[in-house]
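Protein chains in written order, with our numbering: chain A, 902 to 1014; chain B, 5 to 117.
Be aware that one or more of the hints could be misleading.
Chain B is faced by these chain A residues, among others (derived, beta-carbon under 10 Å) [to be verified]:
#1 Gln907
#2 Asn931
#3 Gly941
#4 Gly943
#5 Pro944
#6 Ala991
#7 Leu1002
Here chain B is said to cover these stretches of chain A; the calculated rule only asks that three of the stretch's residues, wherever they fall, bring their Cβ under 8 Å from a Cβ of chain B [as the list claims (entries may be wrong)]:
#8 946-960
#9 1003-1014
If you are wondering where the hints come from, they were derived from the structure by calculation, not from laboratory data.
Idealized CB from N, CA, C, for every residue including glycine.
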Amino acid sequence: GQQLNQSPQSMFIQEGEDVSMNCTSSSIFNTWLWYKQDPGEGPVLLIALYKAGELTSNGRLTAQFGITRKDSFLNISASIPSDVGIYFCAGRYGSSNTGKLIFGQGTTLQVKP
Amino acid sequence: DGGITQSPKYLFRKEGQNVTLSCEQNLNHDAMYWYRQDPGQGLRLIYYSQIVNDFQKGDIAEGYSVSREKKESFPLTVTSAQKNPTAFYLCACSGQGVNQPQHFGDGTRLSIL
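Chain A on its own, in the form it takes in the complex:
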């Protein structure tokens, strides 16, 4: 099955720094979702995007649905130690008539206090 291209694969940053990660697809998507997964737990939904160009914030997190509908990015401002985890993008094809999602391979974020 197809997977999204998510980058970077991992990041090691200093507390207080801003973080940016993105996902790209060769197909048009009608939904982009961003999840965070802590070790040994299930992913938790952070932000959902449904329209091209949509920019949505959730606290220090901001995500955008790309204009071309083939990409999305997630920014985290002023990182803190509890931001550590794996961040996944997920998308749904524009032609899909099911709730099936395609997942990126994840960005592992480590924050140094």
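Guided by the hints, dock chain B onto chain A, whose structure is given.
Below, chain B without anything else, positioned relative to chain A:
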């Protein structure tokens, strides 16, 4: 509280043995999904069900089986035909409408004895 519950948290399988992973939700969601997660990889879809008594194969269904006899339950059986079953298994559900986000349980880690 409404949510999605997976059990057990940890499971061990002997050679030639079938094991069943439980997934129960009380969110009244129509669709349910099973994913497999391997280290450093994204989530891969095993099976999904959009309605009771109906389910479809995902990208890696070989060696797995499911049933959907009740709306709130979607058990996954890892059969002896699955030769590399060691992984983290995640169950998810989503509400009516193809654009609804998926919500995940906390996973079951399956290992080989």
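Evaluation of the provided hints:
Look at Gln907 of chain A: its Cβ gets to within about 8 Å of chain B, closer than 10 Å, so that hint holds up. Hint status for Asn931 of chain A: holds, given a least beta-carbon distance of 7 Å to chain B, under 10 Å. The closest approach between the C-beta of Gly941 of chain A and any C-beta of chain B is roughly 7 Å, which is under the 10 Å cut-off, so the hint is satisfied. The beta carbon of Gly943 of chain A is positioned within 10 Å of a beta carbon in chain B (closest approach about 3 Å), and the interface hint is therefore held.
Evaluation of the Pro944 of chain A hint against chain B yields a held restraint, the C-beta minimum of about 5 Å falling below 10 Å. The interface hint given for Ala991 of chain A is met, as the beta carbon of that residue sits about 8 Å from the closest beta carbon of chain B, less than 10 Å. Annotation: interface hint on Leu1002 of chain A holds; nearest CB of chain B at approximately 6 Å, less than 10 Å. Counting residues of the region 946-960 of chain A whose beta-carbon sits less than 8 Å from any beta-carbon of chain B gives 3, enough to reach three: the coverage restraint holds.
For the region 1003-1014 of chain A, the stated coverage by chain B holds: 4 residues have a C-beta nearer than 8 Å to a C-beta of that chain, and at least 3 were required.
Comparing the model with each earlier hint shows no violations; every hint is respected.
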